[in-house]
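Visitor: What follows is each chain in one-letter form.
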Amino acid sequence: EAQVTQNPRYLITVTGKKLTVTCSQNMNHEYMSWYRQDPGLGLRQIYYSMNVEVTDKGDVPEGYKVSRKEKRNFPLILESPSPNQTSLYFCASSLTGSNTEAFFGQGTRLTVV
Amino acid sequence: AQSVAQPEDQVNVAEGNPLTVKCTYSVSGNPYLFWYVQYPNRGLQFLLKYITGDNLVKGSYGFEAEFNKSQTSFHLKKPSALVSDSALYFCAVRPYFYNQGGKLIFGQGTELSVKP
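Quick mapping for you: the protein sequence lines, in order, are chains A and B. Residue 252 in the numbering used here sits at position 66 of the first sequence, and the numbers go up by one each step. Residue 40 in the numbering used here sits at position 22 of the second sequence, and the numbers go up by one each step.
Looking at chain A on its own, in the form it has when it is part of the complex (with noise of 0.2 Å):
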């Protein structure tokens, strides 16, 4: 089955707590994006990648780092996470960064106290 796989599912964390939140596609797509999901907000993305080694910051990258090491994985760290960044998250794949649809994960929920 065609699926974007993210893990946790739910996280709870401390202020300052670097932390992972992995994301992994089975559909051999070169496109990657992260999201977060804000109320009234809809999806803003913080940071997408084009091929394996190509990362790039997006409208909301501020307190996020990426990698693209492989093709079918594209963690997302927080170094230092801060209240602010709790929120919902989004890993998304496609196969064209053009006229085909993106794939979503189920999201992490991430709490920062």
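If you're looking for bench data, these hints aren't it; they were derived computationally from the structure. Some hints could be false.
[To be verified] List time: in silico DSBU-like cross-link candidates among lysine-lysine, alpha-carbon distance up to 35 Å:
1) B:87 with A:243
2) B:76 with A:243
3) A:203 with A:255
With chain A held as given, fit chain B onto it using these hints.
Guide: Using the frame of chain A, we list chain B on its own:
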């Protein structure tokens, strides 16, 4: 700035009645247009897209959407709503050029509630 607007935070419809969820956009060029649905505690599921051609596109679960270039709108429609259609709906636009790795620009979402 490029943006997508969904003017209604919530739409309430009786089961069996037609439904419309509105979306307008402000994006240069001829963007690609998408609708997604989000059920509680689930990811976003793709419903349909407009790339080119016929202004009326059909998608999953009986949904369709009408593209109107002059009004820069892409409203989601369904002739007969079901209680199971109750969910959060997102309109999204992907710019044709310089789109940050295929970035989708999302509206803020519309909560659809279908009552029996």
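Visitor: None of the hints should be skipped; say for each whether it holds.
Guide: Hint check results:
Taking the CA atoms of residue 87 of chain B and residue 243 of chain A, the gap is near 30 Å; set against the 35 Å cutoff, the hint holds. A hinted pair counts as satisfied when its Cα atoms are at most 35 Å apart, and residue 76 of chain B with residue 243 of chain A qualifies at roughly 34 Å. Note on residue 203 of chain A and residue 255 of chain A: the hinted pairing holds, with a Cα-Cα distance of about 23 Å set against a maximum of 35 Å.
The structure fails none of the hints (numbered hints given earlier).
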